[in-house]
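Read in order, the letters of the sequence shown correspond to residues -19 to -1, 1 to 224 in mature numbering (1 follows the signal peptide of the UniProt record, and there is no 0).
Please note: incorrect hints may appear among the correct ones.
Derived pair list, reagent style DSS-like, types lysine-lysine, alpha-carbon separation capped at 30 Å [to be verified]:
#	residue 1	residue 2
1	118	97
2	123	8
3	118	60
4	123	97
Ranges between beta-carbon positions, derived for each pair [unchecked claim]:
#	residue 1	residue 2	range
5	111	145	18 to 26 Å
6	145	44	23 to 31 Å
7	179	70	45 to 53 Å
8	71	215	17 to 25 Å
9	75	130	23 to 31 Å
The hints are simulated quantities; they were obtained by calculation from the structure and are not laboratory data. Bear in mind that the values here come from a model prediction, so they are computed numbers and not experimental data. Glycine included, C-beta positions come from ideal geometry on N, C-alpha and C.
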Amino acid sequence: MKHYLIGLLGLMLSAQAAAACHQHLEKGTPGQSDQQLCRDGYAVGYNYQNKVADWVAYHITAASVNAFFERSNSFTTDKELPEAYRSLSSDYSSTGYDRGHLAPSGTMDFTEESMKQSFLMSNMSPQLPGFNRGGWKALEEKVREWANTYEELYVVSGPIWDGNETYIGNGVYIPNAFYKVILDPYYNDAIAFIVPHRSVSSSELPQFITTVDEVERLTQLDFFSDLPDSVEEAAESTLWEMW
């Protein structure tokens, strides 16, 4: 009964968040999660079992990526989640893993509040330092460059699991890889990346380019589902030549 009530509460909170998250989910919600959370700069589909988001979605513009507020570095427990399913900053202590952002703080710094919200633990995933501070960071910077060039982008990012994961702390699971999918809504062009969870350099990123369809196959998510079917199919099955 306790688990049923917690699950029901999560669904109720998710329904409330869905209306508020429209800006970030205008092109579609990637998939059903245990709880949906809405922030100023991004939306989260959170997984209770793994204590990591299944997906984080955000809508960015040239204006938003050019605004800047000082990085807060204040990792905070997300109290909108049921206590049993929260990840804590202490779960990462002395593990060798970074508290890795899924919605990057460098993209969420357009207001002081959005910057602070990017440090909520529901936006974190265990990431090796050579991943988080290397190729993954370079990819985040590249997406901001593209937002400047193309004026507006929809981005979804999250973990990929292979069924053999271990965990840190009190059950925070370590992903096998991470994905990032990017849509240009003006031309309905898309590009995706599947980046293995290891030390990665920026020069390796081109070899991790793939289609949105391939990310969907591995994650069982459905990106940009509110696009017309023919447009979605074309965008997701081909590569946007933007690299």
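Which numbered hints turn out to be false for this structure? 6, 7, 8 and 9
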